[in-house]
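> Sequence:
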Amino acid sequence: MSKPALGKRKRIHNPTYRDSVPFEDSDYGEIQAREGRMRRVGDSIRPAPLPKVSLDADIIWNTLSSISSWTPPDDVEYALDSTTHLHDELLDAHVMEEVESLPKPEKKKRSKVSKRPHVVWKELHRQTYLDEMLRWSGRGDASFQMSCQDCVSHSAGVPNAPEYRCHECFIPDLVCASCCVKRHRMQPFHRVEKWTGSSFKGVSLKSLGLKLQLNHTGMICPDPVPCHANMLVLHTNGIHEVAIQYCGCSRAITQHLQLLRRRLYPSSQINVKNCATFELLRLLHHFSLATKASTYDFYRALEKSTTGIGIDVPKSRYRALLRTVLQWRHLKLLKRGGRGNDPSGVEGTKSGELAIKCPSCPWPGINLPDSWQDAPDNMKFLYMVFICMDANFRLKNQLVSNYSQDPGLGIGWAYMVPRKPYEAYVLSRANDDDISTCVGFQALAKANTKFSVGLRYTGTNAAVCGRSEMIFPSGVGNLQKGERYANMDYIFGSVLQYIFALMVLISYDIACQWFANLFLRMERDWPDEIKIGRPLKLIPAIPKLHYAMHDTTSHELYSLNYIPGAGMSDCECPERVWAPHNALGNSTKTQGPGSRHDVLDDHFDFWNWLKYVGMGKTLLRRYKAAVGERNLQAEGHRGLTNVLQPAVVKSWENMCLDWEQDVAFPKKKKNPYYIEDGLISEAKVKKQLAEEEEKRLKAGGISLNNTSAASFVTLGLDIEETQRRLQRLAKDATSHMSFTKDGNLVEQRNVLRTRLRTYEQLVPIYMPGLLQYLEDMAKESAKASVSCSPESTAKPSHHPEHADVWLPSRISAAARGTVCREGLSTVEERLRHGQCSDALDGLRQVLRLKSRMIQFKNKNIRGQREGTRSRAVIDRVHDRARAAAAKYRAARAALYDLRGPGDWERTFRVLEDRDIRGYQDPDRLRPKQGRQGVLEDDHVVSAVDPGVEEELTLFNETRTKRDGTGETRRTLSWIWSSDRQPEDDDEKDEILRAEWAKSRARVERSKEEVLLLKEEMRRVLEYLGWKASWWRDRTALRQGLTQELEEGVRAFALAQADVQDALATEFRRMWDVALQPPSNESGVAGLDDGDSSSDDSGSEREDGAPEDRGNDDADDDPILP
1 MSKPALGKRK RIHNPTYRDS VPFEDSDYGE IQAREGRMRR VGDSIRPAPL
51 PKVSLDADII WNTLSSISSW TPPDDVEYAL DSTTHLHDEL LDAHVMEEVE
101 SLPKPEKKKR SKVSKRPHVV WKELHRQTYL DEMLRWSGRG DASFQMSCQD
151 CVSHSAGVPN APEYRCHECF IPDLVCASCC VKRHRMQPFH RVEKWTGSSF
201 KGVSLKSLGL KLQLNHTGMI CPDPVPCHAN MLVLHTNGIH EVAIQYCGCS
251 RAITQHLQLL RRRLYPSSQI NVKNCATFEL LRLLHHFSLA TKASTYDFYR
301 ALEKSTTGIG IDVPKSRYRA LLRTVLQWRH LKLLKRGGRG NDPSGVEGTK
351 SGELAIKCPS CPWPGINLPD SWQDAPDNMK FLYMVFICMD ANFRLKNQLV
401 SNYSQDPGLG IGWAYMVPRK PYEAYVLSRA NDDDISTCVG FQALAKANTK
451 FSVGLRYTGT NAAVCGRSEM IFPSGVGNLQ KGERYANMDY IFGSVLQYIF
501 ALMVLISYDI ACQWFANLFL RMERDWPDEI KIGRPLKLIP AIPKLHYAMH
551 DTTSHELYSL NYIPGAGMSD CECPERVWAP HNALGNSTKT QGPGSRHDVL
601 DDHFDFWNWL KYVGMGKTLL RRYKAAVGER NLQAEGHRGL TNVLQPAVVK
651 SWENMCLDWE QDVAFPKKKK NPYYIEDGLI SEAKVKKQLA EEEEKRLKAG
701 GISLNNTSAA SFVTLGLDIE ETQRRLQRLA KDATSHMSFT KDGNLVEQRN
751 VLRTRLRTYE QLVPIYMPGL LQYLEDMAKE SAKASVSCSP ESTAKPSHHP
801 EHADVWLPSR ISAAARGTVC REGLSTVEER LRHGQCSDAL DGLRQVLRLK
851 SRMIQFKNKN IRGQREGTRS RAVIDRVHDR ARAAAAKYRA ARAALYDLRG
901 PGDWERTFRV LEDRDIRGYQ DPDRLRPKQG RQGVLEDDHV VSAVDPGVEE
951 ELTLFNETRT KRDGTGETRR TLSWIWSSDR QPEDDDEKDE ILRAEWAKSR
1001 ARVERSKEEV LLLKEEMRRV LEYLGWKASW WRDRTALRQG LTQELEEGVR
1051 AFALAQADVQ DALATEFRRM WDVALQPPSN ESGVAGLDDG DSSSDDSGSE
1101 REDGAPEDRG NDDADDDPIL P
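Positions 1 to 1121 (the numbering used here) are the ones given, in order, by the sequence shown.
Read the hints as simulated data drawn from the structure, not as lab findings.
Honestly, I wouldn't trust all of these hints.
To be verified - The list that follows gives simulated cross-link-like pairs (lysine-lysine, DSSO-like), each with its CA atoms no further than 30 Å apart:
#1 K273 <-> K669
#2 K537 <-> K670
#3 K292 <-> K273
#4 K544 <-> K1007
#5 K1007 <-> K537
Said to hold, decoys possible - Distance ranges between label pairs, derived from CB positions:
#6 H228 <-> Q761: 53 to 61 Å
#7 D312 <-> S401: 31 to 39 Å
#8 D432 <-> H228: 51 to 59 Å
Glycine included, C-beta positions come from ideal geometry on N, C-alpha and C.
Full structure from sequences and hints, please.
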């Protein structure tokens, strides 16, 4: 009998927080990842206000309080329920029972125009809009205008006939030719058209007699010099023929300077034939940064804006525009880097100086206290730098041009490493063998075999801050032939030259191999320019997404979950950097080497700037999620620890501390997270299959594809697992949950679609007869459907979680031999066996945890000891149990289809809901009967059908003497007698020890995350204050300037200082109220009629990629000041 849902409770608004990134895992070495971390907090009655508790006081060293008088608010009650009531109710619920903890919030009723704006527009306004556009083809309001109104207003005698109209002016009236020229002396790039009596025809202002005089504000020069007869000016609305007159009188300056002072950028300095307006260059620059579109595509759009019929197309100025915009990018980089304010000028620029540095990283002398080096050992992680390295094989470069013809304008000044020393070192290590001993990532598998014919560079590699995702100065290099140790070593060493911290966590997807001999290579091979001359502690780590792909045991020392000081970092930052920049590959692939360097530097600078100005919201979102996560993890770990014997807990605590403090590499102390397992797990089967495939190929076997049969089946099983998870997520999304920690539903569906496309490309290779098999099935289904009613046909779902994943187990036994390649069924059979073992093991582990939680609750009566006030703890337990049960059932069903009935069914039985119970739980408990005489007359006790099995009920209630002990009829569920028997002694229970150690690690990492974010917030404010002072110091460094230039130099520096102050003020304002709920506490409000959201309009970006928005003011450069 299902348990009734909990009563309605007032909810508070605590939004979901996430970090997301696109993910395509077509192969492991080139992952375009979109991962997210979400946290749903609250959804409970808000407790009475409690005093804010500073968690720093107990664990942070004494001098930390003197660093800064500001710290973000903290609250140990944040994200917890006000009482233990909800947690206890969920704890008592069945594992397989879906309990709706909260009612679905009521939404404001939306009008039709809000829900279906396209439908309303189509039905009511479409014809009107079309008519208005057609009206513009005529003279419109000026149809009855008989004379030029400007002539009339100026009393010019006999007014001329109105024949000309401007497309750009706000008032679309008609004027004569002379008045049109007068109107546009200050607007020379408007588009004008002439009324011929029946229609309009485009004309140029040059043909009407407009001439632009330079170097004179009065537009008159006594000695004008005409420009080139075919002068073209590129503007935002098209390409214009313009008559320009240079100044030739006594106050004349060089012609290209005259153009620049009218915001016209000449493409050359001698005999200028074409220019681009500053407005066009700024638009093109921003358009390129935001969309990653090429200059070629932009120029084509500019041509179409000029003429769309292919007649009278201006002579191509694409090459000139390409040259101009490259110079514009470079000048903007120099300007923002302060080189125009420095006495040494452009030539004094140092390596990496133009890069935007991470304000949250520790910079001694800038945002660190004087005593930061004296911090105790358990607090040194606050000043640790996180470096994440990875390579990208999308940003290739073909053998086009050379460095002599295209040397680049500033290689090595920003993010790209100085070329010559870098390439010299890589060339000196060309014969090194990078040996793989762990996992077949592309990094080593293709280090020597990566296709490089016709390519100058096969990709790029980069070092990124693991906390802010900002690219380090001189942290990007080119790959000459795959991802080799030499390339990664030099980038790592180059970045270390800018870092002065004592501890560095270095994350790399193959850190387990790369780090093994790193110190030997540093001492023996590294050149002097990247060698480290100071003591430095390096901590290797593997990013969380890549960690699961390593198949070697004892990798826990590389896991970010168990590294002290790592916080909640996932170190997948390079994947997030590569995702938006992969689109540059098409345009930079065919560029010259120097131009490509400059373009990549510019785009990386834009990425860093977005992270820089978004630091306030980013740290705020992470801090709110981290405080809630810390409280939830601490609450759950306390509940688990309380059910264990103190001596056992102390023993395990010492084991964890010994392992963490072991400085040996690899560690020698006993690993508290490792479980000795003798079962045939899925991971072991995968390893065996990989070894067998390697032996087969060495013996001369033929490989049908780079993806082996085992990898093909493994991909199919992974897709099935993802589908089950998404089906659960979609069910939650329809009620009150729309996000999870792994990403929102739309994003995860896009990820799954990508994996399905990869799988479908492999299906014809390993299941060549599938197409014919499906056609035969469709014919049989069509015949059978003739007798079925239309209502019996279910509407097919278009969501990827419901897509068919065809594996041998889904093919009938009779047709399996003709559909599948030989041996494919055996591969799936072995993997399904491992799946069953893993699922049962996971289910047992979860049930033991829940049993102990129930024992603790029953032992500690309410009021005697504080209970757990977090429903998330028991929600996670139930979700894990349901996921394990679903995985087992699917794996067993497939195994039965492959093997048929047999002795194996004694080990892997059919899993019923009643079987999912704890080790000491009874098979059936008789239903409780209410006391006689307490029911109302209209209350009927529902009878239990003896033929229907009740859902799972754990033995979680106190039994009276009348009930008896229940030992006589107690039976053990078969899941506890299959393969493994539970241990009676907690101290010898490896599963329980590992689970407790992981729970402890989660608590420690969540506490560290809160402390790291507090310190990063403080450092950001300090850095912004220092940067503002840095700019103010550059207001008067240059001497001997003209008055105009001196004023511009000073104004720009002060404007940049004001930007830093404004960011600091805004960040401080946001962080001061970090944990306060928003004003709207009624839950999720509905959309107003004027809301732009709608159900029928769709989404511009189905992949859910976040939009980057810069400032939108009228500054010289609204995105990058």
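> Could you run down the list of hints and mark each one as holding or not?
Against the structure, the hints come out as follows:
no. : hint                      : result
1   : K273 <-> K669             : 75 Å, violated
2   : K537 <-> K670             : 23 Å, holds
3   : K292 <-> K273             : 29 Å, holds
4   : K544 <-> K1007            : 19 Å, holds
5   : K1007 <-> K537            : 22 Å, holds
6   : H228 <-> Q761: 53 to 61 Å : 55 Å, holds
7   : D312 <-> S401: 31 to 39 Å : 33 Å, holds
8   : D432 <-> H228: 51 to 59 Å : 57 Å, holds
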